[in-house]
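Just so you know, the sequence shown maps onto residues 86 to 765 in my numbering.
These are computed hints drawn from the structure, not numbers from a lab. Do not rely on the hints blindly, as some may be mistaken.
For lysine-lysine, the following DSSO-like pairs were computed, each having C-alpha atoms within a straight-line distance of at most 27 Å [unchecked claim]:
1. Lys151 / Lys448
2. Lys306 / Lys591
3. Lys306 / Lys291
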Amino acid sequence: MPSAGTASRRAVQLAALLAMLVFFAAQLVGALLPLVPLLISASAAGLALDLYLQHRDPGLVAVLGKIRFDVMVRQLLRDMLVLIGLVRLNGDDSLRGYVPVVAGLVLFYAAHLACQATAILVRRSRTLPFLTRNIDASGLRLTAAPPRLLARQHGRRLLRFAVPATAGLLVTAGTHRALWAEIGVGAAVVLALGGTAYLAGWLRPKKRVANEQQALQWLDKWLAAYQPTVGMYFSGGTTSAYQANMWLSTLAELDGNPVIVLRERFMMQKIEATDVPIVCIPKVVHLMALEKSSLKMMLHPANSGKTSQVLRMPSIKHAFINHGESDKLSSCNPYSKAYDEVWVAGPAARERYQLADIGVEDKDVVEVGRPQLAPILPYTGAPTGDYTTVLYAPTWEGWDGNPGNTSVMLAGENVVRALLADPKVRLLYKPHPMTGSVDPRAGRANERIQAMIREANAARSGARPDAAAAAELARRTTELDRLTTSDFRESADEVERMMLQGTPEKGRAATVEAATAAWEAAYWASLPEWEHQIITDARPALFSCFNQADLLISDVSSVVSDYLISEKPYSVANTSGMSEEEFRASFPTVSAATILTPEAAGVPGLLAAVRDPSLDGLAPARAELKVQLLGPADPPSLVRFNAAALALAAKADERRARMEARASEIPAPRFGDAEETVSA
86 MPSAGTASRR
96 AVQLAALLAM
106 LVFFAAQLVG
116 ALLPLVPLLI
126 SASAAGLALD
136 LYLQHRDPGL
146 VAVLGKIRFD
156 VMVRQLLRDM
166 LVLIGLVRLN
176 GDDSLRGYVP
186 VVAGLVLFYA
196 AHLACQATAI
206 LVRRSRTLPF
216 LTRNIDASGL
226 RLTAAPPRLL
236 ARQHGRRLLR
246 FAVPATAGLL
256 VTAGTHRALW
266 AEIGVGAAVV
276 LALGGTAYLA
286 GWLRPKKRVA
296 NEQQALQWLD
306 KWLAAYQPTV
316 GMYFSGGTTS
326 AYQANMWLST
336 LAELDGNPVI
346 VLRERFMMQK
356 IEATDVPIVC
366 IPKVVHLMAL
376 EKSSLKMMLH
386 PANSGKTSQV
396 LRMPSIKHAF
406 INHGESDKLS
416 SCNPYSKAYD
426 EVWVAGPAAR
436 ERYQLADIGV
446 EDKDVVEVGR
456 PQLAPILPYT
466 GAPTGDYTTV
476 LYAPTWEGWD
486 GNPGNTSVML
496 AGENVVRALL
506 ADPKVRLLYK
516 PHPMTGSVDP
526 RAGRANERIQ
536 AMIREANAAR
546 SGARPDAAAA
556 AELARRTTEL
566 DRLTTSDFRE
576 SADEVERMML
586 QGTPEKGRAA
596 TVEAATAAWE
606 AAYWASLPEW
616 EHQIITDARP
626 ALFSCFNQAD
636 LLISDVSSVV
646 SDYLISEKPY
656 SVANTSGMSE
666 EEFRASFPTV
676 SAATILTPEA
686 AGVPGLLAAV
696 RDPSLDGLAP
706 ARAELKVQLL
716 GPADPPSLVR
726 FNAAALALAA
736 KADERRARME
746 ARASEIPAPR
756 FGDAEETVSA
């Protein structure tokens, strides 16, 4: 069932649509009777409601377009009903007096259609075959975008430009003077024609960006000049950007010239701040430009339907690095055998692939550790403050309907209830961002858990940080936003954003890293130590929550593997239906964990072991499992990762050399031989 908030929103939307129909019905009655006050009030109210909905809920009025009752039909009907009312008021013979008004309305709607056609031409002329970030693309003759009202908001444009015409018609209905209608319609015509002429200015040579052929030639030249060696390829949905973002810092540290290759245009602004050049190439035919470049290898943090389109390039080697490792089947996807190599954190993942028997040969598995885990602080002993900080970070429900994927539905409320019952616990609740995206039950359980936490906070009290802490957080937020986000005009389109997001300032990445650390320190300092927190925003990041926590409670997921680098106590909820013995045997990552049943009866004992290390018998197992999952600490993971990248790039060079040698050995056909073949 939909939530109360969703149901309320739907009720408001339905009421708005019914009100619009009522206004049209009232306008019709006012025109036919005729009743001037009803005609004027219904017409004005209908236009005002349409304008309001265009701003506040454009998706709702877009639904009307599906039943052929779009904005142009509505406004044309609105004006025609007023005209009918004028004729009824003044007699049928009065129609001749309104000929200029009717002609003006026809011209207005023709100008609107002309403006719409111009907008389509302008948008097409400003749609490049690729997008860039962190690259000087001035050679593409990038320019600022035209006003959004003219170029992309035809509904709002029509209604706004029609206001003078409708107002003039209504004043005429009230005064019986056609002059007001003529003035209003004339003003609307001037607005429509003027907007069309202004928008057409973007079709002039001086404002036109490079065409497709010129843009692709520019891309080839840029690739030849930059000489990329290692790329990260990513394609995904609107909520999947985190899978690529976790690898940005690692990619930036590799030897050579890195580049990020995206496939979806919307993803350009979802990739977090980085100095690495970004190229988005939506069409596969244009993607082939990479095959002619110096690119030697591609890193893949996720599988997608579009991955196969880049795997067809034999000149580029491909390594699957995943966006986290766990004991789930998704960490051993049969798709992995399509890559040249599969890079894993440690020996456990290597064994997992061999046990899965999905066609990935052991020689193609490379252990590289998890270089992005460097910011996670190591275990320093039992909590020393007044509160034990517990991070509950369940994963999402997944695509396969397995109840053991997430603890949110079957155990989440019990876990949270048991934690909230301990007055010395401070809970940090950070659900997976995709929770509820497949199974609505997970979304509803997530909402109930958050309500429980808010209720528990209302029953607590204590000292709060002073105003200086809040001011410091606000200052750090402003500084970090300035460094990590681009300030775009509302009218900015893809081309304008490309123009503004050119070559980054030197050292920006280090500045962003320092600003992020300062923001995180200010964030935690601004919160009362006794207050539970619900963390659903991108900030603070999961690793920052790791560093605050004394204990992690999670599911079988990469969260557990990453947290293990700290060697702090952790617990995993078993909602799979297996016995504890079967659960531990099936999922090696939980072998050093305290296992919680769906009833969460073991929470008090778990908290006691965290507070008293003498009761914690799993510390040696965590240290051993850490090496098994993440590999040795020496050499550092980033060193091993970089070495693997260089080795795979060398394989690409070797293949190219072999292909060139073979090509040189093939004798070129002689003209005489070809002529004889043709004759035969």
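A quick look at each hint next to the structure:
1. Our distance criterion of 27 Å between C-alpha atoms is broken by lysine 151 and lysine 448, whose separation comes to about 55 Å.
2. Using a Cα cut-off of 27 Å, the hinted pair lysine 306 and lysine 591 holds, with the two alpha carbons roughly 23 Å apart.
3. Between lysine 306 and lysine 291 the alpha-carbon distance is near 23 Å, which keeps this suggested pair within the 27 Å criterion.
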